[in-house]
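*Asks:* Next come the chains, spelled out residue by residue.
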Amino acid sequence: MNDAALRLSSTQFFILILAVFGATSYFLYPYLVLHSTEGSYWMPILTGVLVGVLGAKTFSGLMALHPGLDAFAVLRRTLGLPGLLLFALPFAWHVWRAMVMIARAHAEIISMTILHATPLWALHCIVFVAMFLAAGGIASIVRAAAVFIVVGIPVTVGLTLLGFSDLDFTLHEPWDPGHLSFLDSRAFYSSSYVWVGFLYLSSCGQHARRPDRLWLPYTAAAACFLPVMFGTVYLPVLTFGPAFSKVLAFPFLTKMDSISHYWLIVENLTAVFISAAILFVILTLSLMMHSLVAALRAILPFLPARPAYAIVGIGTYVSALLIPSWDWIEKGVWLETPVRLYLLALPPLVLLLARLAKGRGARA
Amino acid sequence: MRLSSKWGRWLAVLCLLVPTALLQGCWDIRDIDNRMLVGAMGIARDDERGVTIWVRFPIPHAQQGTTSNDKGFLAASQRGKTVVDALDRLRARMPKYLDLSQTRAVFVDKKLAEEKGIYSFLDFAVRDRILPISAVFALIEGDMDPIFTRPNPSGELSGVYTRLFFEKYAGGTPQKNKVTLWQVFNKHYNPLQQNFVPLIAADDTFQFYLKGNMYFSGDRAAGTLTPDESLIYELVTGKLSPFEIETAGGANVKVETSSARIRTAWAEGRPDIDIVIRVVMKLMDASHTKPMNKQNIEQTIDRLLEDRAAKVFSVTQARESDIFGFGNRFRASLPTARHKEWPALYRQAKISVKLESHMVNEGLKLLRQ
Numbered sequence: 001m002n003d004a005a006l007r008l009s010s011t012q013f014f015i016l017i018l019a020v021f022g023a024t025s026y027f028l029y030p031y032l033v034l035h036s037t038e039g040s041y042w043m044p045i046l047t048g049v050l051v052g053v054l055g056a057k058t059f060s061g062l063m064a065l066h067p068g069l070d071a072f073a074v075l076r077r078t079l080g081l082p083g084l085l086l087f088a089l090p091f092a093w094h095v096w097r098a099m100v101m102i103a104r105a106h107a108e109i110i111s112m113t114i115l116h117a118t119p120l121w122a123l124h125c126i127v128f129v130a131m132f133l134a135a136g137g138i139a140s141i142v143r144a145a146a147v148f149i150v151v152g153i154p155v156t157v158g159l160t161l162l163g164f165s166d167l168d169f170t171l172h173e174p175w176d177p178g179h180l181s182f183l184d185s186r187a188f189y190s191s192s193y194v195w196v197g198f199l200y201l202s203s204c205g206q207h208a209r210r211p212d213r214l215w216l217p218y219t220a221a222a223a224c225f226l227p228v229m230f231g232t233v234y235l236p237v238l239t240f241g242p243a244f245s246k247v248l249a250f251p252f253l254t255k256m257d258s259i260s261h262y263w264l265i266v267e268n269l270t271a272v273f274i275s276a277a278i279l280f281v282i283l284t285l286s287l288m289m290h291s292l293v294a295a296l297r298a299i300l301p302f303l304p305a306r307p308a309y310a311i312v313g314i315g316t317y318v319s320a321l322l323i324p325s326w327d328w329i330e331k332g333v334w335l336e337t338p339v340r341l342y343l344l345a346l347p348p349l350v351l352l353l354a355r356l357a358k359g360r361g362a363r364a
Numbered sequence: 365m366r367l368s369s370k371w372g373r374w375l376a377v378l379c380l381l382v383p384t385a386l387l388q389g390c391w392d393i394r395d396i397d398n399r400m401l402v403g404a405m406g407i408a409r410d411d412e413r414g415v416t417i418w419v420r421f422p423i424p425h426a427q428q429g430t431t432s433n434d435k436g437f438l439a440a441s442q443r444g445k446t447v448v449d450a451l452d453r454l455r456a457r458m459p460k461y462l463d464l465s466q467t468r469a470v471f472v473d474k475k476l477a478e479e480k481g482i483y484s485f486l487d488f489a490v491r492d493r494i495l496p497i498s499a500v501f502a503l504i505e506g507d508m509d510p511i512f513t514r515p516n517p518s519g520e521l522s523g524v525y526t527r528l529f530f531e532k533y534a535g536g537t538p539q540k541n542k543v544t545l546w547q548v549f550n551k552h553y554n555p556l557q558q559n560f561v562p563l564i565a566a567d568d569t570f571q572f573y574l575k576g577n578m579y580f581s582g583d584r585a586a587g588t589l590t591p592d593e594s595l596i597y598e599l600v601t602g603k604l605s606p607f608e609i610e611t612a613g614g615a616n617v618k619v620e621t622s623s624a625r626i627r628t629a630w631a632e633g634r635p636d637i638d639i640v641i642r643v644v645m646k647l648m649d650a651s652h653t654k655p656m657n658k659q660n661i662e663q664t665i666d667r668l669l670e671d672r673a674a675k676v677f678s679v680t681q682a683r684e685s686d687i688f689g690f691g692n693r694f695r696a697s698l699p700t701a702r703h704k705e706w707p708a709l710y711r712q713a714k715i716s717v718k719l720e721s722h723m724v725n726e727g728l729k730l731l732r733q
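Chains as they are written, first to last, in our numbering: chain A, 1 to 364; chain B, 365 to 733.
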């Protein structure tokens, strides 16, 4: 099918966003939430999701300015070349960094937990799997997503349910709604990388029947994933206690390690979980790559598609290999935060400018 | 060559397959017959500075061949500065890969736990994930040698049998109080609850027997509760499964279910803990010397357990060891910064226990004559 004419349904967008949540919210996220506040962990989670929904709402408003175009073309039409550059350049920078970090983080996790001796250059090859998927266009990504979700979601939901074993509810900390200390914590703003999944739909604007409703699949996916997000934070806390959970790099993975039942055939639940998460990571990387190539081609229209994917794929692979240590990933997520928040704040600003311009036009 | 041509397509398929082949992690390949799986591991004190580790490997019959080892297992010990160092030195002696990933039980010498604490010897398990954190944990009194070197009289599968001793689906009883490694870590980091772990010693007939359970004060073992006293812990934490108790009068009852309702408050700056335990039981054997009616038996059980509980609370309070996790219930009123004060607060706590036992039936033979 001709990619440009392809129309994606809300369900397909929902599946894509679900994959982004699946790839981002298991590993570093519980660590960041646990370190962002003393006890009311539900507050950073809910605040994050609310900010995400608001971001998605304004973003779909932006897309709806010119239905049938992707986000880059919309900005170009609305604010001209400067507007395009103000969005596409930070966007490309952010997506590139996010891809590098997701690829590297996942490779590190596999190396720390299941494949201790496999060299990182081999583990990073998932970047190329994602590259081929992205080069196939949005249609291949969506089709692969449907299959991956069918495999990945039951496994992750099942594992989350298994996580309910050995809970001790006296370990919970008070649900104090007045506990706003997370608002001035670095970790909270670092965790914002989970909320901005809608940005990766930038290249999908022309595939949406109703771009103004793009926020609905995001909200639905966030609502479906919210219990899992709570689980990744609260299941370790209610099992290990807050203090031990805080010293763990991946509390949810350690929680998986602690589960042991007589009737459970699988012993290494962590390996099952990571294998299911790889599917989400591949999907998310391909979606990100697709939007990155769209951004690059919006800035440099003469760039042919296939070489662009090759450059982006190889670039991501090499940059992911160049990261020296895990500390650097944590630091990288933090250093990336201003760009991410800028991208979050840009759509409402553009909408405001567009409305002002329209108002002025109407007066004139 | 265009990608749409026949050869181009094959090339594309090949390019997709090559990276997937790399994703399988062939670097880690170690066949099962090139590994020696540790069933149980022990950590004992060596001298002031070092430790001795003990490991027991099950040896499959197919591999025994005509060697002198027909016991079905191999035990090895190794000294080292730390546990990781001892494991490294052990590897230097081993013909095959030392695989700790299937370890079923981890034992620590009681003296080591009393004098040096346990956490520093176990920390590596969390960090490196070479040892499953769901392995059972126990302290060993006396020499570790017989526990690791003697054949298991009830059959081999050493590690598995060690674990079965504690598991409820096999030989476990409430008194044996199964504790896993992650539970030990949880309490190490939580000043509001102390560790309470089984203490075992070598047995004449079987591999080992339960001597009691040790309560911790901080990282170190502070004292032992007898198996009977350990029942109070199970009653308060609601982990008591079917278990028999003998009354002073000689009657035997079987506890079917028990539930504890715990109310906590502050009274004059001291924790005030009020516990009501409801026990549902049935009669196993009536006293043959002194006939008792249902009320008598219930009252006797109440008094017996209340007295025992009072003793257990006073002993653990004296050593500031809140093994019951009452402190967790004060999280709402005790800020995190003050959590460290909990052991001292527990010492001053006012604890009242009330038992409400209820006999549901008297078995197939009625009590009234």
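Some hints here could point you the wrong way.
[Unchecked claim] Straight-line alpha carbon distances no greater than 30 Å define the calculated DSBU-like cross-link-like pairs of lysine-lysine that follow:
#, chain 1, residue 1, chain 2, residue 2
1, B, Lys435, B, Lys542
2, B, Lys445, B, Lys460
3, B, Lys646, B, Lys575
4, A, Lys246, B, Lys445
5, A, Lys246, B, Lys480
6, B, Lys718, B, Lys532
7, A, Lys246, B, Lys704
8, A, Lys246, B, Lys542
9, B, Lys603, B, Lys475
10, B, Lys618, B, Lys718
11, B, Lys618, B, Lys646
12, B, Lys532, B, Lys445
13, B, Lys704, B, Lys618
14, B, Lys646, A, Lys246
15, B, Lys575, B, Lys460
[What the hints assert, rightly or not] Pair by pair, the computed Cβ-Cβ distance ranges are:
#, chain 1, residue 1, chain 2, residue 2, range
16, B, Val382, A, Gly137, 51 to 57 Å
17, A, Phe230, B, Asp567, 55 to 61 Å
18, A, Val157, B, Ser623, 52 to 58 Å
19, B, Ala708, A, Ser275, 32 to 38 Å
20, A, Leu86, B, Ser697, 47 to 53 Å
21, A, Lys246, B, Asp567, 38 to 44 Å
22, B, Asp487, A, Leu86, 47 to 53 Å
23, A, Leu86, B, Ile393, 35 to 41 Å
[As the list claims (entries may be wrong)] Residues on chain B that point at chain A, a partial pick, calculated with CB under 10 Å:
#, residue
24, Gly444
25, Ser465
26, Arg493
27, Ile497
28, Ser498
29, Ala534
30, Gln547
31, Phe549
32, Leu556
In short, the hints are calculated from the structure, not lab data. Every residue, glycine too, gets a C-beta built ideally from N, C-alpha and C.
*Asks:* Under the constraints set out in the numbered hints, which ones does this structure not fulfil?
*Replies:* Hints 12, 13, 14, 15, 16, 17, 18, 19, 23, 24 are the ones this structure does not satisfy, whereas the remaining hints hold.
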